[in-house]
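> Line order of the protein sequences matches chains A and B.
Everything in the first sequence is counted per the working numbering, starting at 1 for the first residue and increasing by one.
Everything in the second sequence is counted per the working numbering, starting at 113 for the first residue and increasing by one.
The set of hints was computed from the structure by calculation and includes no laboratory data.
Possibly wrong hints are sitting among the right ones.
To be clear about the criterion: a stretch of chain B counts as covered by chain A if any three or more of its residues have a C-beta under 8 Å from a C-beta of chain A, and this derived list gives those stretches [unchecked claim]: (1) 151-162; (2) 192-205; (3) 215-224.
For lysine-lysine, the following BS3-like pairs were computed, each having C-alpha atoms within a straight-line distance of at most 27 Å [what the hints assert, rightly or not]: (4) Lys-212(B) to Lys-19(A); (5) Lys-173(B) to Lys-52(A); (6) Lys-52(A) to Lys-71(A); (7) Lys-44(A) to Lys-180(B); (8) Lys-71(A) to Lys-212(B); (9) Lys-67(A) to Lys-173(B); (10) Lys-161(B) to Lys-19(A); (11) Lys-180(B) to Lys-9(A); (12) Lys-71(A) to Lys-180(B); (13) Lys-41(A) to Lys-173(B); (14) Lys-44(A) to Lys-212(B); (15) Lys-44(A) to Lys-19(A); (16) Lys-41(A) to Lys-212(B); (17) Lys-36(A) to Lys-19(A); (18) Lys-22(A) to Lys-180(B); (19) Lys-52(A) to Lys-212(B); (20) Lys-180(B) to Lys-52(A); (21) Lys-71(A) to Lys-44(A); (22) Lys-52(A) to Lys-40(A); (23) Lys-40(A) to Lys-161(B); (24) Lys-40(A) to Lys-71(A); (25) Lys-19(A) to Lys-180(B); (26) Lys-22(A) to Lys-41(A); (27) Lys-208(B) to Lys-41(A); (28) Lys-71(A) to Lys-9(A); (29) Lys-208(B) to Lys-71(A); (30) Lys-161(B) to Lys-173(B); (31) Lys-71(A) to Lys-161(B); (32) Lys-173(B) to Lys-71(A); (33) Lys-173(B) to Lys-212(B); (34) Lys-161(B) to Lys-36(A); (35) Lys-212(B) to Lys-180(B); (36) Lys-44(A) to Lys-173(B); (37) Lys-9(A) to Lys-67(A); (38) Lys-9(A) to Lys-208(B); (39) Lys-22(A) to Lys-173(B).
Beta carbons: idealized from backbone N, C-alpha and C, even for Gly.
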Amino acid sequence: DTAVSQTPKYLVTQMGNDKSIKCEQNLGHDTMYWYKQDSKKFLKIMFSYNNKELIINETVPNRFSPKSPDKAHLNLHINSLELGDSAVYFCASSLTGVGDFLFGSGTRLTVV
Amino acid sequence: AQSVTQPDIHITVSEGASLELRCNYSYGATPYLFWYVQSPGQGLQLLLKYFSGDTLVQGIKGFEAEFKRSQSSFNLRKPSVHWSDAAEYFCAVGAKNTDKLIFGTGTRLQVFP
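Required output: the full structure, derived from the provided sequences and hints.
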């Protein structure tokens, strides 16, 4: 059984569109995250939620909006997509919240 | 400034050879240190972590890492590499009261038969 699952795995879309990426974890973890991995494999945190409450909100354009309907789900909505948004987006969750994360397999977003 | 440096972008080893991947960090607080592995098309998997105590930590898949405070290093080692170890390896640093991890830029490991 997949512990942290993201959908879709691949997303190709045109500039200006709005898209969402969904993430679910079945581990009972309280904390969930979104990370962005760019073309050079650099990973940077975007957001973290603890039990539906926003904890970390890095310097991300406000076109990116996370939503956590419950502690098992953390979705990422992106408005007005730009070419520079092309990346792999990873969802992760953590029981302890001190860095021992369980990552999803990623969503490769390509904006054309 | 907080940072993690992985000096080796790409390393190639023969199967059965020993491996050491380097990681240096700069962090103001007492660091929590991690090594993650990413196979192609996959998410990251935690190999091992160091919070405190014994500076030599054992992880999964036969990996170990040693924390050297004087050198601000946390190098990853494996005595005998298997072809399935070919992947991207990321070192990361965090701290006790934050769940924000800072990742290095990764080291790509290639294994030849």
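> Sort out whether Lys-208(B) lies within 27 Å of Lys-9(A), counting only the CA atoms.
Violated, because 33 Å separates the two Cα atoms, which is more than 27 Å.
> Is it true that the CA of Lys-161(B) sits at most 27 Å from the CA of Lys-36(A)?
Judged against 27 Å, a Cα distance of about 22 Å means the pair holds.
> Regarding the pair Lys-22(A) and Lys-180(B), is the alpha-carbon distance no greater than 27 Å?
40 Å, violated
> Has the given pair, Lys-41(A) with Lys-173(B), been kept, meaning a C-alpha gap of at most 27 Å?
23 Å, holds
> Please verify whether Lys-9(A) and Lys-67(A) have alpha carbons no more than 27 Å apart.
Holds, at about 19 Å.
> Take a quick look at whether Lys-44(A) and Lys-212(B) sit within 27 Å of each other, Cα to Cα.
Answer holds: Lys-44(A) to Lys-212(B) is near 9 Å, not above 27 Å.
> Within a Cα-Cα threshold of 27 Å, do Lys-212(B) and Lys-19(A) meet the stated pairing?
26 Å, holds
> Do the alpha carbons of Lys-71(A) and Lys-161(B) lie within 27 Å of each other, as the hint requires?
Holds, because 25 Å separates the two Cα atoms, which is no more than 27 Å.
> Just to be careful, I want the Cα atoms of Lys-19(A) and Lys-180(B) compared with a cutoff of 27 Å; is the pair within it?
Since the Cα atoms of Lys-19(A) and Lys-180(B) sit roughly 45 Å apart, the hinted pair is violated (cutoff 27 Å).
> Does Lys-22(A) pair with Lys-173(B) here, judged by a C-alpha cut-off of 27 Å?
30 Å, violated
> With a cut-off of 27 Å on the C-alpha distance, tell me whether Lys-161(B) and Lys-19(A) pass.
This hinted pair is violated, its Cα atoms lying about 35 Å apart.
> Given the hinted pair Lys-41(A) and Lys-212(B), is their alpha-carbon gap at most 27 Å?
It holds: about 18 Å lies between the C-alpha atoms, which stays within 27 Å.
In terms of the numbered hints stated before, the structure departs from hints 5, 9, 10, 11, 12, 18, 20, 22, 24, 25, 32, 38, 39, listed from lowest to highest.
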